[in-house]
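There are 2 protein chains.
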Amino acid sequence: MPDIAPQPQPPAFPPAEYEARIARTRARMEERGIEVLLVTDPANMNYLTGYDGWSFYVPQLVAVPLDAPPVWIGRGIDANGARATTSLAVTDIHGYADDVLHWPGRHPMDAVAEVLRGRGWGARTFGLEMDSYYLSPRGFAALQAGLPDARFADGDLLVNWVRAIKSPAEIAMMDRAARILEAVMATAIEAVAPGVRQCDAVAAIAAAQVRGTGDFGGDYPSIVPMLPSGPGTSTPHLTWSDAPFKTGEATIMELAGCHRRYHCPMARTVFLGTPPPRLADAAAVVVEGLNAALDAAKPGVTCEEVEGAWRRTIAKSGLVKESRIGYSTGLNYPPDWGEHTMSLRPGDRSVLQADMTFHCIPGIWMDDWGIEISECFHVTEQGARPFASVERGLIVKP
Amino acid sequence: MPDIAPQPQPPAFPPAEYEARIARTRARMEERGIEVLLVTDPANMNYLTGYDGWSFYVPQLVAVPLDAPPVWIGRGIDANGARATTSLAVTDIHGYADDVLHWPGRHPMDAVAEVLRGRGWGARTFGLEMDSYYLSPRGFAALQAGLPDARFADGDLLVNWVRAIKSPAEIAMMDRAARILEAVMATAIEAVAPGVRQCDAVAAIAAAQVRGTGDFGGDYPSIVPMLPSGPGTSTPHLTWSDAPFKTGEATIMELAGCHRRYHCPMARTVFLGTPPPRLADAAAVVVEGLNAALDAAKPGVTCEEVEGAWRRTIAKSGLVKESRIGYSTGLNYPPDWGEHTMSLRPGDRSVLQADMTFHCIPGIWMDDWGIEISECFHVTEQGARPFASVERGLIVKP
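Protein sequence lines, in the order shown, are assigned to chains A and B.
Taken in order, the first sequence gives residues 1 to 398; the numbers are from this note's numbering.
Taken in order, the second sequence gives residues 1 to 398; the numbers are from this note's numbering.
Warning: the hint list may mix true and false statements.
[Unchecked claim] Facing chain A, from chain B, some residues (calculated, C-beta under 8 Å):
1. His102
2. Val202
3. Gly212
4. Gly218
5. Asp242
6. Ser343
[What the hints assert, rightly or not] Calculated from the model, a selection of chain A residues having no Cβ within reach of chain B, i.e. all distances over 10 Å:
7. Asp67
8. Leu128
9. Ala208
10. Gly300
11. Glu305
12. Pro398
Quick caveat, the hints were computed from the structure, so don't treat them as lab data.
Predicted, not measured: the structure shown is a model, and the values here were computed from it.
Just so you know, even glycine gets a beta-carbon here, dropped at the ideal spot from N, CA and C.
Next up, chain A with everything else stripped away, as it sits in the complex:
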């Protein structure tokens, strides 16, 4: 096996960027008394090493010690994927055998624990991402059993918080995602039309997401196109069917552009025909509230203050909105493009800083209708800069 890994898909950033990310992660580990952070969130694995592949459906992780380079541990057949997409030394890439996978009485985390013990880390304090999708209660129990001398601390969201402030190179990735999103939204607005099957419109949307632009390709967004239509607009997370769009109905489109796992999400609502006054009125209120939130977002302001600007604006309208109006976003993998750190809602006193990035999505869902109009924005010293430029309002196709 060659010492130098083949790199058909090298990391998206230069080595110095990864080194800085790891240094910031270690500083937070020290604050929390964590000696080895076990990173199971694929976005965090990518953030720290560049690792990229659809292998997160099996247990895998990057172990980040304070005193040695990160170590990738995953399924044997994915070890070449780690060599292909990271700059880790081949000796820091460990693949486990297939016979621990989906086998009663065994678990891949048994093998992971063995690797960690073999590194001499058996008695260390490990940080675990206790609320990540890709660490199960069973996996946690296997780690505890396999590392009987270790201590376990909560390392949940530790790296997510490091990710909150984006580097210039990351902002450039999100700008590329925004260019893709603009093409995607233009395609979507064109495709949603009376008599067209929902699946045919989404086929065009999905193709635009993956195609990207002539200058750079699209990556798969962490969430598939969400496209509730007609009475389905009363809830945000329905996907599509093969029923045709109908005149006289609204369709909510929540879509993203994605480049090298960086997202620019956006929601728009399309109405086919002449919208009922309640929908047109709601659209005007939502846009006014969204604009107020964007105007309020700048360094030094809290998340709840941004939401407050929205809330004050819509208070006079009679519309009610009980869920949060936005969240931190950027690099991610399925099933979510949100970072699970800051939310734009009452009580969240996180302070906005330059180069944070949010998706502000003040959706309104009533008993049998709804509307979403959103913007993904970059916090700059001059205020919120929306990443993408798409007509901000109810889109009416007469």
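Once you have looked at the hints, place chain B on chain A.
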């Protein structure tokens, strides 16, 4: 709120099918001493109730008691999604408020526990899917804290095993997925060509997956197109880049057709130009071994016997294959279309029964090249019936 839920996207099967699934689930619960099964796997939630939506990125579940109808508990804004896609009574759909989500010191499972206590189930024995993607260690801890009088048992894979034998209506869904897959593979084989950007080929593939056929639309597969190319073929789970395909290189395409969440997956390998003898030879061996496995697969045979037929066939070739050659498949959600029950590998003595469905994927990955040729098949009394019809061999585009 109306008593009758609006149903823009009604369940895929008639009520009797869901009732039979729930009855089989309860029989297994009784065997394991489980009084209430908490189903967090979205495929299992769909299987038992029809619930469908991209909401699994937040904690949600279907609680199945022995003595009452199932109860959906999820995020408030998704409750209308449960009304739209299931036949559950409105009183059996509970939405939690947004202020437990992504908030330090709170967890949605706090709210879930409150609903369960409110049903009078606080002292029951709950079965949990301890190795599912969508139950975290933190969520499990919140359930334990919120249900101090309850007992917890492992209900992992309980419903997955109920899913192993498909009904005629489910087989019909997979046949539809196979029709979609045939269109997808034809598109893929056409699209992979020298100088074409990988992302442009995948755009065409993704569109074909979603478009489906003229008779029925496509759904999103649980795994995006995997498309390792050139040296990337040494590992199976790389997605695409925007680099162009090159003459003289192989590309592995692992793709699925999907309809109403039912999958028909398949892998093929395309070579642009004249394949090197080692690849052409490997393709012949893989096809011979795959054919032997398909010939061996019939009711009464074990999973390891199917793998043995493959193993004996390739033994003479010098090729080595250490990972499993297949797994049970069907209904699923991201990140996997495998069911995590049976695997075609040594030691798995599960007995094949009529109407089980498998993906037999004997991939070979070497240091700097690889090949995959697979079939998704239906176990019938007459033997294995491949769902889709696509030329079985290395696809050479001179």
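Status of the hints after comparison with the structure:
no.	hint	in the structure
1	His102	5 Å, holds
2	Val202	5 Å, holds
3	Gly212	6 Å, holds
4	Gly218	6 Å, holds
5	Asp242	3 Å, holds
6	Ser343	6 Å, holds
7	Asp67	26 Å, holds
8	Leu128	7 Å, violated
9	Ala208	7 Å, violated
10	Gly300	22 Å, holds
11	Glu305	17 Å, holds
12	Pro398	23 Å, holds
Checked against the numbered hints listed earlier, the structure breaks hints 8, 9; every other hint is satisfied.
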